[in-house]
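Q: Sequence lines, in order, name chains A and B. Position one of the first sequence corresponds to residue 4 (this note's numbering), numbered consecutively onward. Position one of the second sequence corresponds to residue 169 (this note's numbering), numbered consecutively onward.
I should point out that these hints are in silico values taken from the structure, not numbers from a laboratory. Do not take every clue at face value.
[As the list claims (entries may be wrong)] Calculated cross-link-like contacts (lysine to any residue; reagent style SDA-like; alpha-carbon spacing at most 25 Å):
| no. | chain 1 | residue 1 | chain 2 | residue 2 |
| --- | --- | --- | --- | --- |
| 1 | B | 225 | A | 9 |
| 2 | B | 181 | A | 46 |
| 3 | B | 181 | A | 45 |
| 4 | A | 113 | B | 254 |
| 5 | A | 64 | B | 255 |
| 6 | A | 64 | B | 276 |
| 7 | A | 113 | B | 213 |
| 8 | A | 113 | A | 76 |
| 9 | A | 72 | A | 87 |
| 10 | A | 61 | A | 49 |
| 11 | B | 225 | A | 33 |
| 12 | A | 52 | B | 205 |
| 13 | A | 52 | B | 271 |
| 14 | A | 113 | B | 181 |
| 15 | B | 225 | A | 5 |
| 16 | A | 74 | A | 103 |
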Amino acid sequence: AQSVSQHNHHVILSEAASLELGCNYSYGGTVNLFWYVQYPGQHLQLLLKYFSGDPLVKGIKGFEAEFIKSKFSFNLRKPSVQWSDTAEYFCAVNFGADSNYQLIWGAGTKLIIKP
Amino acid sequence: KAGVTQTPRYLIKTRGQQVTLSCSPISGHRSVSWYQQTPGQGLQFLFEYFSETQRNKGNFPGRFSGRQFSNSRSEMNVSTLELGDSALYLCASTPMTGGYGTEAFFGQGTRLTVV
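In isolation and in its complexed conformation, chain B is listed as follows (with noise of 0.2 Å):
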């Protein structure tokens, strides 16, 4: 079974620039969530979708956004990058059966340089 492939794994992009990176989950996963991994802070939770639908959202500003497909693969959006932006960001899907506590698959993430 093919892991979480995120796209692409690494980015170089100009302040004031947007980014649009893209998940794709492991297939059967309708679940996907979205962090910021920065050195400083951890794992930041972005947000998190379920069949197309941004169920939960975490504390960044509306420049980031994201979307979710019928096919479950997923794209966040950062608009207007600064160079607080630069991190790795992390995609992770989830076999959502129903409950909480299933495991969080992750991918390799995408490495973004803001400059």
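So here's chain A without its partners, still in its complex pose (with noise of 0.2 Å):
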């Protein structure tokens, strides 16, 4: 069965340091990646999101991500960090048909950013 792995489930930073979070996937045929974000008290959220072409993609908020497609990867990163970046984030990948066109989801990662 399809996965999606966050490595991390909570992180802790200061602010203006950098920030990677991983996300992997199991399979190997075409994928739609997603990074989502929950902020505390608020709804989920769109970062960034991967279909075709140019596979570093950029998001909102100065959050970008590169697809490396020989890896499974997608990981999320951002040069410098803020403490309103203190939120939930989620990875999650469409398997097309395989997965019946849902999205599946990582556990998440926690993110503090301390003032």
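Once you've looked at the hints, go ahead and assemble the two chains, each given alone in its own frame, into the complex.
A: Pasting the structure below:
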């Protein structure tokens, strides 16, 4: 069965530190990839997505992610985090027909930014 | 454009009771998915409806059911509530345009507490 792994469940950083959150998925076929963010008390919202083309994708609030097909990875990055980036981050993958076009979710990473 | 609306926002029920949650998708979106979110399990897929038909179902017991109406509004029902059903229930709507990979838009969720 298809799966999505987020290896870091909790990350604590200081402001201005660089961020990289890992996301790996099983499967070797065509996938569409997403990162969602859930700020405290708010609904899940899309940070960025990859469908095709340039494997380096830029999203909102200075986030970017790189799709590396050979590593089945879609890691999220931000060069300099802010206190307002404190949130839970979810990676999700659509495996197409092999997952009935459903999103398969990682377990999430709770990010805490110390002011 | 109005977002995904879930009602009620908060609910407290007693073990053994049943509950119905409602979701109004974004206008024009025909696919509605339901998720259960808990601190330990992350986002767990419940089911997805498209054009009033359940297309996909997650690994939940038969006490969890749903339906979708002709206006794309969806309800989910949980019967014989158990303490473990306490969770945030999220609804997401997707503008299915024939392919996969389209973004899911989430509501604020219904926080269900079973006592």
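Q: Each of the hints needs a verdict: does it hold here or not?
A: So, going through the hints one by one against the coordinates:
Using a Cα cut-off of 25 Å, the hinted pair residue 225 of chain B and residue 9 of chain A holds, with the two alpha carbons roughly 23 Å apart. About 23 Å separates the Cα atoms of residue 181 of chain B and residue 46 of chain A, which keeps this hinted pair within 25 Å; it holds. Taking the CA atoms of residue 181 of chain B and residue 45 of chain A, the gap is about 23 Å. The hint holds against a cut of 25 Å. Between the alpha carbons of residue 113 of chain A and residue 254 of chain B the distance comes to roughly 21 Å, so the proposed pair stays at or under 25 Å and holds.
At most 25 Å may separate the alpha-carbon atoms for a hinted pair to count; residue 64 of chain A and residue 255 of chain B exceed this at roughly 29 Å. Note on residue 64 of chain A and residue 276 of chain B: the hinted pairing holds, with a Cα-Cα distance of about 21 Å set against a maximum of 25 Å. Distance restraint check for residue 113 of chain A and residue 213 of chain B: the Cα-Cα separation of roughly 20 Å lies within the 25 Å cut-off, and the hinted pair is therefore satisfied. As the CA atoms of residue 113 of chain A and residue 76 of chain A are separated by approximately 19 Å, the hinted pair is consistent with the 25 Å bound.
With a C-alpha separation of about 31 Å, the suggested pairing of residue 72 of chain A with residue 87 of chain A is violated against the 25 Å cut-off. Restraint check for residue 61 of chain A and residue 49 of chain A: satisfied, since their Cα atoms lie roughly 12 Å apart, inside the 25 Å limit. Of the pairs offered as hints, the one joining residue 225 of chain B and residue 33 of chain A holds, with about 22 Å between alpha carbons and a cut-off of 25 Å not exceeded. Taking the CA atoms of residue 52 of chain A and residue 205 of chain B, the gap is near 22 Å; set against the 25 Å cutoff, the hint holds.
The straight-line distance between the Cα atoms of residue 52 of chain A and residue 271 of chain B is roughly 8 Å, inside the 25 Å bound, and the hint therefore holds. For the hint linking residue 113 of chain A to residue 181 of chain B, the alpha-carbon distance of about 29 Å lies beyond 25 Å, and the restraint is violated. Proposed proximity of residue 225 of chain B and residue 5 of chain A is supported: the alpha carbons are some 15 Å apart, at most 25 Å. In summary, the hint linking residue 74 of chain A to residue 103 of chain A is supported, as the alpha carbons are separated by about 23 Å, within the 25 Å threshold.
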